[in-house]
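Colleague: Here's the letter readout for the chains.
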Amino acid sequence: MMSLLGIAAIALVIVILFQISKAGEMLNELGNTKKAGDTNNRVQANLFLWTLIFGLLAIVWSAFHYSPMFLPEPSSEHGVGIQRMYFWTLVSIVPIFFITQILLFGFAYRYKRDETRLSHYFPENNKLELIWSAIPAVVMVLLVTGGLRQWLKITGPIPEDQQEEVITIEATAQQFKWDIRYAGPDRELGKKAVREMSDDNPWGQDWADAANKDDFVPTEIYLPVNKPVMVKINSLDVLHSFYLPHFKVKMDAVPGIPTQFWFTPTKTSAEMQNILDDPGFVYELACAELCGKAHFNMRKEVYIVTEDEFNAWMKEQKSLYSQFAAPQKNADVDTEQEKDEKVNVDKTVSAL
Amino acid sequence: MASTDINIDAHEGHGHDHHDDHHHEHETNFVTHYIFSQDHKMISKQFLITGIIWAIIGVGFSVLFRLQLGWPDESFPIFEYLLGKWGAGGKLDAEFYYALVTMHGTIMVFFVLTAGLSGTFSNLLIPLQCGARDMASPFMNMLSYWFFFAAGVVMFISLFVQTGPASGGWTAYPPLSALQSTSSGSGLGMTLWLTSMSLFIVSSLLGGLNYVATVLNMRTKGMTMMRMPLTIWAFFFTAVLGVLSFPVLLSACILLIFDRHFGTAFYLSDIFINGEPLRNAAGQLVEGGSPILYQHLFWFLGHPEVYIVILPAMGMVSHILATNAKKPIFGYHAMVYSIMAITILGFLVWAHHMFVSGMNPFVGSVFTLFTLLIAVPSAVKVFNWITTIWRGNINFTPAMMFSIGFVSLFISGGLTGIVLGNPALDIGYHDTYYVIAHFHIVMAMAAGYGLFAGVYHWFPKMFDGRMMNNNLGYIHFWITFIGSYCIFWPMHYLGEAGVPRRYFSFAEFNFANGFEDLNVFISVASIVVFFAQFLFVINFFYSILNGKRMRSLNPWGSNSLEWTTGAKGIHGNWEGAIPEVHRWPYDFGKDGYEHIPQTVADKDLKEIKTSERLPSR
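As given, the protein sequences belong to chains G and A, one line each in that order.
All letters in the first sequence, in the order written, are residues 1465 to 1816 by my numbering.
All letters in the second sequence, in the order written, are residues 279 to 895 by my numbering.
Where hints are given, some of them may not hold.
To be verified - Taking lysine-lysine and the DSS-like style, the derived pairs with C-alpha atoms no more than 30 angstroms apart in a straight line are:
(1) G:Lys1641 / A:Lys846
(2) G:Lys1696 / G:Lys1641
(3) G:Lys1655 / G:Lys1641
(4) G:Lys1677 / G:Lys1591
(5) G:Lys1691 / G:Lys1677
(6) A:Lys884 / G:Lys1498
(7) G:Lys1486 / A:Lys826
(8) G:Lys1617 / G:Lys1691
(9) A:Lys826 / A:Lys846
(10) G:Lys1498 / A:Lys868
(11) G:Lys1499 / G:Lys1641
(12) G:Lys1499 / A:Lys826
(13) A:Lys739 / G:Lys1486
(14) G:Lys1764 / G:Lys1696
(15) A:Lys369 / G:Lys1764
(16) G:Lys1486 / A:Lys363
(17) A:Lys499 / G:Lys1498
(18) G:Lys1641 / G:Lys1486
(19) A:Lys868 / G:Lys1591
(20) G:Lys1499 / A:Lys739
(21) G:Lys1486 / G:Lys1499
(22) G:Lys1696 / G:Lys1617
(23) A:Lys369 / G:Lys1641
(24) A:Lys868 / G:Lys1499
(25) G:Lys1782 / G:Lys1677
(26) G:Lys1696 / G:Lys1591
(27) A:Lys739 / G:Lys1498
(28) A:Lys884 / A:Lys868
(29) G:Lys1498 / A:Lys369
What the hints assert, rightly or not - Reference listing, derived: stretches of chain G covered by chain A, where coverage requires no fewer than 3 residues with Cβ under 8 angstroms from a Cβ of chain A:
(30) 1512–1523
(31) 1596–1602
(32) 1704–1716
(33) 1728–1740
These are computed hints drawn from the structure, not numbers from a lab.
Ideal Cβ positions, reconstructed from N, Cα and C, are used throughout, including at glycine.
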C-alpha cells in the first residue's frame, strides 16, 4: 500500500511538472518568443553560476567532513610511499579540477546569448594547443616516473639485507574463506599440489619434501612488526583477491597461477589501537575480487605483534605433518582437530 | 544547384510546398517501413527506443541494489513483488544482488551506451551529415539492428531462468563464470549471457563495417575528410575501434563456452572443488589453462569499449557546443588528431585493469605509460571545449546544457583516472568504490549526457520536425546533473576508506562499516535521478506524437547538412540533388555572419540576406 502511494505521488509530481512545462511553452508561443528566450538564457546562466558556487563549497566541506573516516596512514613501509605519491598526484589534479570547472561554468554564465552581438571568431591557435598539450605531457611524465619507481620497488624482490628475516606465508583462497599456511621455523614452504589433496592431506602437501615438516595452518594471522612478509597467494576455485586495506596490499588469487606480494608491517595492532584511540581496532583481510554470493564476507583478522609475541605464538602452533602424516599419531586427537576445522568452516558458511 | 535553394535565414521557413513533387520510389508497407526497415533513420529510431527500454531496466536494477546498500536491515515488499523467491520476505538474496549488479553493467555498457548511443546516432547522422542517401549497405544495417534485438531477447529471457541471470560481474571472469557449481548464476544464465553477447558482437560488427564504409566512400561532393563535422569523425573512429576489438571479445566468449561445455581448459587449472580436484569428462585433471588469459582477451575489447562509449558523446558534444555557442569549435584539427590519438592509444592500455591480477608487473609498467599518455589528448579536448564557449554567444538549449554537463563530468571523472592509472596507487584503489566513482562519472554518466544532448538536439530530424518540450528538458537536466554528482561524488570517500565494490553488505568489516549516512544519501539520490528520467521518457514519447513543430528547417542555426533536408524525413533524405559542400561546418560568427551553412559557397555569401552585420564580442 505504502509503495503504491509512493509511486502515485511520484507519478503526480511528474505529471505536474509536465503540465507546467507544457503551459510555459504555450505562453512563450503567445508572447514574445525572443524575450522569453532571453529570460530563459539568463535563468539557466544564473543556475550554472549558483551550481558552481554551491557545488564547490559542498565538495570542499564534504571532503573535510569525511576525511577522518578515510583509511589511516598506511601501516606498511611501501604504503607510506604510495601515500606520498597520492599526495603529489592530488597536488597536480586538484587545482586543475577547480580551475577547469570554474572556467567552464564561469564562461557559461558570462557568455550567455546576446542578440546584439556575435561570438568572437577564434577557430584555432597552435601556440595555445602546444602549451596545453605540453604541460599535461610533462606532468604525466613526472607522475609516470614517480609511480613506476614505487611500483617496481613494491613488486621487485625483497632487498638482499632483509632476505634473512623474511616471514613467508601462503594464502589459499576458496569460496568463501582464507587459509594461511606458515613456512614454520625453516622459513620455507613445502611443495604441494592440487592433485594430492584429500581428506588425509587437506593442502596436498608432498610429505617427501622436508620443508613441509614444520608448515602449519593457524586459525588467525599473526605477523611480527618490522619484518618483511612474503605472501604467496593462490586459489582453489575461482578468482579472489588478497586485500589488506590498512597495508595497501592487494593481489589476486588465481587458480593455477601462484602470485605474491611482500610488505613490511610497521605498526602493531596495539599501536594502532592507541593511535586511533579505538580499543576495538583490528586489521582485516578481505576479498576484493568478485567470487560468488558470499564475496562480501571473506573476513579474517590479522594481528601485528612484537617479535617476542610472535615467536611465542609460533611455538604453540602444531605442524600439519604432526597432525596428518607423522607415524604413530593419535587418531582420536586427529579427528578432534578435523572436527574443529569443519566447525569453523560451517560457521563461515552459516554467517551468510 | 542545391545550395541556392537553401535558405540561410533561420527565421524564414523553408518551402513546405514541394514535398510531393518527388515521389518516393520505394513502395513501403507497415512491415518494411516500421519493422524490417532499411532506412537508416528508422533503424536509428529502433536503436534509440530499444536503448531507452533497456536503460529503464538497467537503471531500475541499480535502484534495486541501491535499496539494499542504503537500507540493508529494512525489508522491501517490492523485492518480493518483482523478484519472487530472490526477494522472499522483502529481503534481497545475495546471489541475486550479484545478478542485478552484473545485469546492470552488461545492459548499460552494451545495450544502452553502445547500441543505444553509437547505434542511434551513427545511423542517423552519418548519412545526413556526410550527404548520403543511406548507408553503404542498408540491408546489413537492418541486420545489425535485428541481431541487437535478438541479443536483447536472449538477455531478457536470461532474467527469468530458474537459476537466475549471470551473476559473475559484467566482466564474467572465469573460473567463476566457467564452473557452474561456483555460483547459481553461472548455470543457464551464463550460457544465455554468452549467447547474447555473441549475437551483440555480430550486430556491432555489421553496424561498424557499414559506418566505416559509408564515411569513407559516400560523402557528398566537396565533403572532404577535413570538412566533416566532429560527430562524423567520432563515429568513424568509434566504428574502427569496435571492428578491431569486438572480435577479440567474441573469441574470449567462444573459448569460455568451450571450457563450460566441451571439457577444454583454456582458462582453468589446478582447481579443487566440491571436495575433489576438478577433472574433465575423460577423468583427466584439468590443468594448464590461465584465467588471466581471459582477462587479457576481455579487456582488449573492454578498454576500447569505454572509448566506443565515450567517443560518440565527445563528437556530439563538440558539435552541439559550437552550434549553440555560435562559435567555431576551437582547434578543429587538434580535436580530430586527439580522437585519432585516443583511438590508437585506446588499444594499448587494456592491462591497466589488471595491475593486481597477477600478471607480470613489468607488463603493468608499459601499460602505465600509455595509460597516462592518453590523458594528454583528453586534456586537449577539455581545454578546447572550454575555449569554444569562451567569448561565445550561448543559447542554452537542453542539448547545450547536457553538453556543458558532459564536459564538467568528463573533467571530474577524468582526473581520478590519473590516480587509478598509476599502478602503485591502483594497489589501494583497485576494486573499491573509488573506481566506481571514476568510471561512472567519466564514462557512464558522461556518455549518458551525450545521449541526452543528442536526442534533444536531433529529435526534429528523427520525428518529422517535431521538437521536445524545452522546459521539461531543463528540469530534467538540473535534477540529473546535481543528482549524478550526489550519487557518485561521495563514492570517492568510500574509496578513500578502502570500501570494496561488489559487496552485498558492508557490515562484516570494521573498515567498510560506518558510512550508513553516505549510503542512504547515495541511494536517495539515485532514486530521485531514476524517477527524473521519466520526465525525459514522457517528454520523448509525448513529443513524437504531439511535439511542437519546428518553426524553421534549422531550429538551432546549425551549419551541417542534416538541416538542409525537408522537415519530413523521407527515404533518400534529400528530395532533389544532394547538396554540395563548400566549407567546414563551424563557420560561426565569421565576417559578421552568425552562421554560414556548409552548402554556401564564398561567392554566394554576398547574396545572403542578413540583417546588418553585428559586432563581435
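Colleague: Could you run down the list of hints and mark each one as holding or not?
Modeller: Going through the hints against the structure:
1. G:Lys1641 / A:Lys846: violated, 64 angstroms
2. G:Lys1696 / G:Lys1641: holds, 16 angstroms
3. G:Lys1655 / G:Lys1641: With a Cα-Cα distance of about 22 angstroms, the restraint between Lys1655 of chain G and Lys1641 of chain G holds, given a limit of 30 angstroms.
4. G:Lys1677 / G:Lys1591: With a Cα-Cα distance of about 70 angstroms, the restraint between Lys1677 of chain G and Lys1591 of chain G is violated, given a limit of 30 angstroms.
5. G:Lys1691 / G:Lys1677: At roughly 23 angstroms apart (the allowed maximum being 30 angstroms), Lys1677 of chain G and Lys1691 of chain G satisfy the hint.
6. A:Lys884 / G:Lys1498: Roughly 27 angstroms between the alpha carbons, so the hint for Lys884 of chain A and Lys1498 of chain G holds.
7. G:Lys1486 / A:Lys826: Satisfied, since the Cα-Cα distance of roughly 10 angstroms is no more than 30 angstroms.
8. G:Lys1617 / G:Lys1691: holds, 16 angstroms
9. A:Lys826 / A:Lys846: holds, 14 angstroms
10. G:Lys1498 / A:Lys868: holds, 23 angstroms
11. G:Lys1499 / G:Lys1641: violated, 68 angstroms
12. G:Lys1499 / A:Lys826: Satisfied, since the Cα-Cα distance of roughly 19 angstroms is no more than 30 angstroms.
13. A:Lys739 / G:Lys1486: Between Lys739 of chain A and Lys1486 of chain G the Cα gap is close to 21 angstroms, so the pair holds against 30 angstroms.
14. G:Lys1764 / G:Lys1696: Measuring from Cα to Cα gives roughly 16 angstroms; hence the hint holds.
15. A:Lys369 / G:Lys1764: The given pair, whose Cα atoms are some 26 angstroms apart, holds under the 30 angstroms limit.
16. G:Lys1486 / A:Lys363: violated, 43 angstroms
17. A:Lys499 / G:Lys1498: violated, 37 angstroms
18. G:Lys1641 / G:Lys1486: violated, 58 angstroms
19. A:Lys868 / G:Lys1591: Judged against 30 angstroms, a Cα distance of about 21 angstroms means the pair holds.
20. G:Lys1499 / A:Lys739: holds, 26 angstroms
21. G:Lys1486 / G:Lys1499: holds, 18 angstroms
22. G:Lys1696 / G:Lys1617: holds, 17 angstroms
23. A:Lys369 / G:Lys1641: holds, 24 angstroms
24. A:Lys868 / G:Lys1499: holds, 25 angstroms
25. G:Lys1782 / G:Lys1677: Distance ~10 angstroms between Lys1782 of chain G and Lys1677 of chain G Cα, so the pair holds.
26. G:Lys1696 / G:Lys1591: With Cα atoms ~53 angstroms apart, Lys1696 of chain G and Lys1591 of chain G exceed 30 angstroms; violated.
27. A:Lys739 / G:Lys1498: It holds: about 23 angstroms lies between the C-alpha atoms, which stays within 30 angstroms.
28. A:Lys884 / A:Lys868: holds, 13 angstroms
29. G:Lys1498 / A:Lys369: violated, 55 angstroms
30. 1512–1523: holds (count 4)
31. 1596–1602: With 4 residues close enough to chain A, the hint holds.
32. 1704–1716: Since 9 is at least three, the answer is holds.
33. 1728–1740: violated (count 0)
Checked against the numbered hints above, the structure violates hints 1, 4, 11, 16, 17, 18, 26, 29 and 33; every other hint is satisfied.
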